[in-house]
Amino acid sequence: MVFSSLLTNLSKMAFGVNPNLRNNVLKYWTNGKTGCKLMAACHHLQRLLAWEGAVLQAFNAVIKVSSATQTDDVEEVDMGASHVPFGTTAEHPCDSVGAESVPHKSNSCPIYLQRLAAAEDCWLRTKSGVTALTRCQRQLDELMAMLAKVCTSGVPRRRTHEPFTAAPDKNTVTLATHLLSAYKVAFGWQPKQDVVPAIYMPYLTGWITRLIGIMFDERRMPYHVLLYAFYHSGCHSAYFSIIRRCISLEMHQKQSIEMEQLLQTWLSLTERLVNADAFVHSRHRLPQHCVEAKHFPAQKYLSLCQQDALREVSSIFGLLVVSMKAGNASMSVCELTVSLYKEILKGLIPSTDAATKCAVSAEDRNKLIAELDEASINFLVDMGFDHDTVIEALFEYATVEEATDFLVANDRQQHASANDILIDELEDGESAEMSEERKDADGEEVEKGTEEETPPPLSEVTSLDVNAILETTCSEVVPACMQMIELGVELVFNTSELLLAIVNDVNAEWRCDVLVKQYLVNDILAMLRNLTTDPSNEAIVHTLSTRLHLSCLLWAAIANDYLSECAQSSLQCVLLSTLELTASTLQCSHALVNTVKCNRAKLEKVVESLSWKYWDADERGGTFMWVNYRPASSHILTRAFMEGRAGAKLSIAGKHYAVSFITMCQRNVDSHVERPITVVARLKEDANIELFFKADDAVVEWNEVVRARMVPAVIALMGSSGLDSNAFHALLILAARITRSAEVASEMLRQGGVQAVVNVAGCPFATRALLVALVVRHCLDDETSLCQIFEKTIRTVAAGGYTLNPPSTRWHHRMPRTTREWLHAMRALAPLCARHPRLFVSTMEHVARKQNGQITTVPMPPSEGGPKLPPPSAPVRQVVQQLMVHVMDFSWEDSSRVVTRATLIRLIAELVKSYSAVAMLVAESQHASTHSALLTLLDKCTVAVPDTECSDSTASAIELLTAVKSLVIALASCNHSPKAQEALVADIGTAFRIALTETDSKVATMKIKTLCDLILLARDMCPAGGHEARATGSLHANLNPILRLLIKKRICIELAKVPWHLNLSTKEGIDALNHVLKTLDELTRSINSSAGGAQAEGVAGTRASSQNASATLTLTTTTNATDAVNPTPARTENALNDDAVGESAGAEQQHEHHPIVRRMLEEFNEHNEEPQP
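Per UniProt numbering, the very first residue in the sequence shown carries number 1; after that it's consecutive.
Calculated directly from the structure, the hints in this document are not laboratory data.
Even glycine gets a Cβ: it sits at the ideal position worked out from N, Cα and C.
Each statement offered as a hint is correct.
List of simulated lysine-lysine pairs, DSSO-like, C-alpha gap at most 30 Å:
| # | residue 1 | residue 2 |
| --- | --- | --- |
| 1 | K1078 | K940 |
| 2 | K346 | K649 |
| 3 | K1009 | K913 |
| 4 | K37 | K170 |
Computed spacing ranges between beta-carbons, pair by pair:
| # | residue 1 | residue 2 | range |
| --- | --- | --- | --- |
| 5 | A716 | K913 | 32 to 42 Å |
| 6 | S237 | S332 | 26 to 36 Å |
| 7 | S332 | S725 | 18 to 28 Å |
| 8 | L464 | S237 | 15 to 25 Å |
| 9 | K170 | L464 | 32 to 42 Å |
| 10 | A145 | P19 | 17 to 27 Å |
With the hints as extra help, turn the sequences into a complete structure.
Here's what the structure looks like:
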C-alpha cells in the first residue's frame, strides 16, 4: 500500500512544466525490462484485490440475509453450494430462509465462503486485514488513474480556451495501450474455471466503473488517445462481449440484484461511448497529422461502437420485455436502456440526413445565384480566381470582403494539403515500429492464453442501414417502450426523447397511423370510455395519465397530425366529458385550431421576405453587433420557419450551429456558446395587418366551446375534495391558458372562478403564486388596462430601464452599449406581443418611434390639475373585494390551503403596483370588526410568532409578515392615490395605539418594533413629490408625501408616547425603546435635511435661527403643510390644526434641549405632576 502511494506521487511529477521530467516518467513505465514488469505485477495484484473485494461483498450480503431472518444457525441459509457456470441452468431452491426473506438475492456461494459464514467471529477478528485490503485496492486504483491522466495530459497551454492539438508521442500511446490491455485481461480473467455469478458480476461492475473514471473528463468528453488504446488493445471486443457471456434470462431470475448493477454500469459507459455529440466534438481529439489519427478514424470507430451497442441493447430489450410480463423489471435499467437507444439513434440520424436538411434545393439555389451581383463576380474573377469558385464563395458569404478572405484561405489549404502525401508514406514504417515495440512491452504482462488476434482495421467498418434500424425501432422498440412507460415518470420523458429523435425521419404513414392514431388517439379513447364505465379502475387511470403525458411531450412534433386525428375522432369532446364526469354522446362539429405550419398561407399574404440576424462580434472590429446571416443560411432558416419546425441546423464557415425558434438563439455545437438571433420581416405594400391579426372562425368557435363546457368543469374540479398538488397544478395551467381569451376570462370570473382558485384545499407547491397571479390578471385585464400596461412598458424600455432576459452572461459577452437598441428592445417587448398582438401593434404605432436604430417614444401630453384616476372597472372591484374578504377571513389555516394568506397578500401588492384603482379599493376595504382591512392586517399579521387566532406556524408567520411589508411598500409608492397613502399612515398610527394596549408585553414590543420598521419602509419607498408640491412654497415641499403625512397624522407624537408604556426592566422593552428612538432619529434627520435644503434654496425665506423651531413644530404639532396633489381639501380639513400650530409656536421659545428629549420631558412632567393641596 505504501509502495503504491509512493509510485502515485512519483507519477505526479509528469504534470509539471518540465517536459523532460514527463518524458522520463513515461519512458520508465514503458520500458520493457523494468516499468512493464512493475505494471504487470500491479495489474495482477489489482485483479486479485478486486476479486477478493467482490468475495467480501458477497459475504456481507450473506451476513445481512442471516441477520434479517434472525437465524442463529447460518447453515440454514441455503447458499447453493453447487457452482453455476455461465451459460448453464440450475434449479432455484425455494425452501430456504434466505430465499424467502430476500427473494431476489444471490442464492449461490462457494464452499469456502460457507465455512467462513459458519464462523462469523473469524471475520471480526480479521477486521484489520479487511481494512488493509480495501486501502491497498484504493491505492492501486489511484495509481492506475494517475497513469491514465499522464497519458491524457499534454504540454501546458497558454490559452485555456484553445483546443488540445498536441500529438501524443510513442511512449504515451504505449502506456495507454498497457493500461487498457490490463482491462482486457481483467474482463476475461477468473481464478478458476467455474465461478459464482454473485461474485463475478460485482467484479465486472467494479472494473467498468474504473474504466468510466479514466476514459472521460468531467464534461463526459472522451480522451481519443485512450479510445485508440481501448480498441487496439482488444479491450473493446472484450467489453462488448460481457452482455453475451453474463446476461441471460435464467441468470436474471437467480441473480437479479447483481445483474441489475452490472447492467446499469455497462449501459452508463456504453451511452458515453455512443454519444456522437461528445465524441465528434471532444476537446481531446487526436490531431489529423499524427500517425494514430490515421489508424484511428474517429467517425469509423463511432460507427463500430454504435453497431456493437445496437446489437447488445437489442438483447437487453428482449430481456426487459420478458421481465415486464413477469412483473420484476427494474425501472432504472429500463431508463438507461431507452436512454442508450436514444443516443444511438441521435448519432445515426444526423449523419445521414444533415446534408439534406441543411442543403438548399436546386431550384432555390439557381434563384439565389441569379440574384448575385455580376460586378462582384467579375471583380473576383479578374483577381485570378475560378468563376465557379467565385460563385460558390459569393453564394455562401454576403459581402465581397468575406468572399475574398474565403477564397484566399481556400487556396492556401489546397497548397497545404500536399503535405498529407508525405505523412501517408511514413505511416507504414512507423506503424510497424510501434507494433514491434508493443509486442515487446506486452509479452511479459499478458498471461498465457489471453493473447488474441489484432483487431481488424477500422477502415473495414461499414455504415449501418438507418432505414432498417428505424423499421426495427418502430416495430419492436416503440411497443416495448409503450409498455415500460407505466413503470415511472422518468420513462415517459426518456420515451418522448426517443420518439422526438426519430419522428421526423420515420415513415409518414407509420407516424400518422400508428404513433398518432393508434397510440395517442385510439388507445386514449378506449381508456376514456373504459374509465367512464369503471371510474375506480386505477390501472386504467395510470395508463391514461402516462399516454396523455406522452402526448403533451410530443406535441411540438406531432401537433398538426394530432389535431387532424382529434377532429375526426372527437377526442376533445370525450376529454371534456371526462372533465365534466359524465358520459357524453354529443358530437363536435367545429374545426380545431390550426398551428403555425397551417398558417403559412396567412403569413405569406402579408410578408414579402424575412431577414435573419444574430448577435456576435464583428470579425474585423471585434465589437458586438447584429450580423446578417449569409443568403444560403437565411434561406434555410426561412424555409424551416415556414414549415413550422422548432429550429434548424446550419454550417457556417466550417462551424456547425443549432438554431432554435423557441428561444430565438443559436448554439455553437463545438463550443456550446449561445447567441441571440432575431428576424426582420418586410411587409408587402398591400398587406392588411388587421386581417392578419383577426381570429379565425375556428378559434372563435373553439373559445365558445371552452367558455360553455370547459370553464364549468374546471371550476367544479377545483371545488372538489381530494385533489393533490399535481392535479391542482395541472388545473391552474389549464385555467391560465384558457383565460387568455377575454370572453373565457369573463365567464371564469362570472362563475366564481377566482374564488374557486383561492379556496382550493391541499398542500402548497412552488409555482402556485405565479399561476394564480396569471389567472387573476387575465380576469382583470381588458383592452383599456392592457393598453395602459403596454404603453407604460414600452416607455420604460425606451428609457433604457430594463435588463436583458435571459441575462447577458448567457451569451458570453458584455451587454450592448445601449439597452435602447431597436432589435434588443423588440426582444424585450416580445411577451407583450404574444399576450395581445393586435393591441401591441396599435400601441407601438401610437407610442414608439425608431430613430437611428434606437427606440424612442412620443412625449406624453402634459397633465392638468394633477393625475386623474379612472374609476375602477367592475371586474377589478369584484376581484379585489373577493381577495380582501378571503384574506380577512381568519377562520381558515394556511396549512389547509394551497394558496396561503401570504401568497394572497403578495398578489394584492402586485395588483396595487399594476392597476391604479386597486390601491384605493384596498384602503377602503373594511373588516367585520368595523376596522379597516389594512388596520386588521397591521394588527394581526405583524408578529412573527404563532398567533392563537390564526394558528399559523412560526415560518408561516414570518412569511406573512414579509407579505404585509410588501403590501405597505406598494401602497406607500402610490403617489397617484394620495388617499390610499393617507389611509396607510392613519392605520399605522392606530396600530401603534392598539399595540400599546396589548396585555402580553412580548407581543406588544414585537408589534412596536415591526411598526417602526414599516414607517421607515414607507418613507424610503415613497417617491419624492413633484414640482406641484414645490410650487406651493411650503416649508416641507421637498418632503415626499409619506413624510408629510407622518407630520400631519402626528406619528412622531405617537412614537414619543411609546416609552411610558414599555416595561424597561426587561430586555425586550429596552430593545423596543432603542428601536423607537432610532426611528425618531431617522425621521428627524429626514425632515431637518429637507427643511435645510429648502432654506438653502430660498424656498421658505426664513432665517437660520428658526430652523430648530421648525423642527420642534414638526415633532410636536401638525404644521400647515399642504398635500402635493390636492392642496385645497388638505387646508380645509386641517384648519383647526393650523391654529393649534400657531399657538404652540408662540409658546415654544426655549431650545436648550433636543426636540425629542424636550417633548419626552414635558410628557413626563404631565404624567408625574403632584396634586396641589
